[in-house]
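S.K.: For the sequence shown, the working numbering begins at 1 and goes up steadily by one.
What the hints contain is simulated information worked out from the structure, not anything from laboratory work. Keep in mind that this is a model prediction, so the values were computed, not measured. Wrong hints could be hidden among the right ones.
What the hints assert, rightly or not - Here are the simulated DSSO-like pairs of lysine-lysine, each with C-alpha atoms no more than 27 Å apart in a straight line:
| id | residue 1 | residue 2 |
| --- | --- | --- |
| 1 | Lys339 | Lys389 |
| 2 | Lys366 | Lys341 |
| 3 | Lys366 | Lys424 |
| 4 | Lys493 | Lys424 |
| 5 | Lys424 | Lys339 |
| 6 | Lys547 | Lys461 |
| 7 | Lys23 | Lys225 |
| 8 | Lys89 | Lys74 |
| 9 | Lys357 | Lys541 |
| 10 | Lys400 | Lys389 |
| 11 | Lys547 | Lys341 |
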Amino acid sequence: MALTVSDILELPILAEAKVLAGKDGMSRQVTQVTVGEVPDIGDWLTGSELVLSTFFGVETTPEAQTEFVRKIIKSGAAGLLLKPERFIKAVDSEMIALGDRNSFPVIEVPAEVRWTHVIADISERIVGEHLSLLERSRDIHQKLLDVVINGGSWQSIADTTVELLGRPVLLEDSFFDILANAVPEGSDTGIIDSFDEMRKTGRREVRPEGLSRSERYQRVNLEQKKEFPAKVTVPIVVSHDVLGYVSSFEIDSALNELDLIALESAATIAALEMGRELVRMETENRLRGDFVDDLLAGEFNAGPTMLQRASYLGGDLSRGCMVLIADIDSFGDYVINNKLKEPEVQRIKNRYFGGIKQVIRSYHEKALLTPRSDNVIAFLPPLAGEEGKLQSVARSTAAKIRLTCRELLPDLTVSIGLGRFHEKPGETGRAYREAQTALRVSQRLGETGAIATFDDMGIYKLLLSALEEDPEEVRNFYEETIAVIQRYDKEHKTDLVGTLETFLANNRSVAATAESLFTHRHTIRYRLGRIADLTGLNVNKSEDQEKLGFGLKAMRLLRR
């Protein structure tokens, strides 16, 4: 812990020293000792020095002496030791008042005490304190390092830090999700809960978003006008990026230097653990990604090699599967609009994958998951003894994923595609393509945050395939059927397209269409006649109805 003026006065050589002023400042920290005799002393001090002076180079007027002390105070010095008898005889009352007003210790030392002896004893104490601090900080770091070496968890790091500090400790990731917390024995988490409640209610900003890797710590008070309680936060830095935070709490007293060292050591150890987790996660994702790439490329023949690799990666494809694909909607635009850098992008993706993984594991223990760009692909095996329920459970899984991602990433939405269940392991690629088709159709239709299933896609499945194989043909079909109606609507400010959609949705019933649109049946017949004139297609003929229906679906896929 840092030395204070009070600690220095305990030295035997200063046993006869008298505190003349600034008794409230005896806790000021002392890091250096120096002699100051020149009037411009303030220009040469850097702060926290204990200044020794006889006022030899200062004018004998009380005003000059008081100004000399004022400059020392302004420099941030810890205190002033003076011997007045030789040059100024007595300490002026204004100098004492100045020290009291600024809680700046002014201490008289007996004339017979030599400055050289004072400097030697104080310097020895400062060096000894530094060595002691270094030794204790090394012990702290080693104790925390042992936690990681022995395979300790986040909770172990928090528990060990609490033992060192005797104060509550909180570990958070870069999104401020709690990794672990701990409190001294006999205490509760009330202070942690209070800060968390303040964050949730938005009464005051307590999240250290502005805390950069170059800052030592950030301190936030629970109540603006009260010094305590407060939260002191140190960043967890990995490869120049802030990936989390370690915090402790000042209930009714401030953290000392050794406490801060312990907190910083905890952040360093947490950074080691985070780095290790990142490497482990990247390795697992690469292995899963390589396997899925081979699987979808048809590199396996559904034999034992495929099943063994899937099992090694935590999945079971031996009884077939269905595929779920979750995709962040318009993530590329989000990255550009928010000017995100790659580390921030990766943190969002990791958070997204972690949340989805947790949900899927709670429903499907043997699912095989892998992230792929903005997607998460999950191969869901049938449930033991409940094979027929896989589709409904998959829908529940998708709904839970959507809800979880909304909580984790409130500024983003997630769309999900579900394929059908295929019993044969060799049809895994087909299961994937179905989920992909459902997702792409949904996104083509402009839906966000949707859950799309292959079985619900109907004719859109064929249209999407046609659009991808021969987009010009689909566009021509749209032009021949619906585009001409849209141009008419735009020119005449009508809604013939809407009338056509409602007519087909009501099983081609003029009466039902009129009721839905709150208009007369004659008006509906007139509009249908205009559609026939524009397209050459008779809405009362089955074949022409199908063409118009296909045209509407092509319009939606083309986002026209």
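S.K.: Taking the hints in turn, state whether each one holds.
M.R.: Verification of the hints:
| no. | hint | in the structure |
| --- | --- | --- |
| 1 | Lys339 with Lys389 | violated, 44 Å |
| 2 | Lys366 with Lys341 | violated, 35 Å |
| 3 | Lys366 with Lys424 | holds, 17 Å |
| 4 | Lys493 with Lys424 | violated, 54 Å |
| 5 | Lys424 with Lys339 | violated, 45 Å |
| 6 | Lys547 with Lys461 | holds, 16 Å |
| 7 | Lys23 with Lys225 | holds, 25 Å |
| 8 | Lys89 with Lys74 | holds, 25 Å |
| 9 | Lys357 with Lys541 | violated, 51 Å |
| 10 | Lys400 with Lys389 | holds, 17 Å |
| 11 | Lys547 with Lys341 | violated, 48 Å |
The structure fails to meet hints 1, 2, 4, 5, 9 and 11 from the earlier list, while all remaining hints are met.
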